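Q: Sequence:
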Amino acid sequence: MPNLSSYVQSISYTAKSSLSISLAFTMCLGVVGCRDQHSSDATTSTTPTAPSTLKILHINDHHSHLDEEQMELSIDNDQGQSTTYTVSRGGFARVAALIKQLETKTEPQLKLHAGDATTGDLYYTLSKGQADADLMNTVCFDAFTIGNHEFDGKDEGLKTFIDALDRGQCAKPTAVLSANVQFGPSSVLYQSSRVQKSTVIETQGQKIGLVGLTIAQKPRMHRSPMPTRYF
Numbered sequence: 630m631p632n633l634s635s636y637v638q639s640i641s642y643t644a645k646s647s648l649s650i651s652l653a654f655t656m657c658l659g660v661v662g663c664r665d666q667h668s669s670d671a672t673t674s675t676t677p678t679a680p681s682t683l684k685i686l687h688i689n690d691h692h693s694h695l696d697e698e699q700m701e702l703s704i705d706n707d708q709g710q711s712t713t714y715t716v717s718r719g720g721f722a723r724v725a726a727l728i729k730q731l732e733t734k735t736e737p738q739l740k741l742h743a744g745d746a747t748t749g750d751l752y753y754t755l756s757k758g759q760a761d762a763d764l765m766n767t768v769c770f771d772a773f774t775i776g777n778h779e780f781d782g783k784d785e786g787l788k789t790f791i792d793a794l795d796r797g798q799c800a801k802p803t804a805v806l807s808a809n810v811q812f813g814p815s816s817v818l819y820q821s822s823r824v825q826k827s828t829v830i831e832t833q834g835q836k837i838g839l840v841g842l843t844i845a846q847k848p849r850m851h852r853s854p855m856p857t858r859y860f
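Per this note's numbering, residue 630 is the first one in the sequence shown, and the count goes up by one each step.
Accuracy of the hints is not assured; some may be wrong.
The calculated lysine-lysine pairs, modelled on DSS-like cross-linking and capped at a C-alpha distance of 30 Å, are [claimed, not checked]:
1. Lys826 / Lys836
2. Lys783 / Lys684
3. Lys788 / Lys826
4. Lys788 / Lys729
5. Lys729 / Lys826
FYI, nobody ran anything at the bench for these hints, they're computed from the structure.
Given the structure is predicted, the values throughout are model-derived calculations rather than measurements.
With the hints as extra help, turn the sequences into a complete structure.
A: Here it is in structure tokens:
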């Protein structure tokens, strides 16, 4: 069976959308030792600090492919004879299970989705993102950045998907981010507080700043363009 780690990446973004991550470090200012007015030497003491660690569990571009798929895998033995096996790969249930396996409660971590969750399978055609949101809410991502395919159903389709995310049972709703998208007065998302340019998430006492960016060319030029949406 294929290595499931290929479905969950660590800070590996596509050109379609990205999450820019900045760590909000706390600066510790040590007290500088007083200089003796009769001495030309100044002594500065510093206190070493422990290194900070951050675990990032990340996926992107699942494109409504929620079911596992079958594939043939051929394996050669020492004699050069090939045996073909039919195996299952992918599926959001596997992704969610692996993320749960990799999660930690003892160190700072983020669970991120870098966009293009919707369109590409019959699940989107029939549910308009509800099925994707339901399964994403089994993971409870900290943040989701809007990909170009989230605009395939225009702003109305994006709002439907976000509303479905908000109906989940996660302790905190997934932050929906895009710093370079502006919705005009006629958009259903005009002045919506649900799409933010950035957010700060605190995990295990460590503050992490997140900024979402959406590729502009595709939705602006040929993927459901709207006169009151700006990039």
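Q: Going through the numbered hints above, which ones does this structure break? Give me the numbers in ascending order.
A: 2
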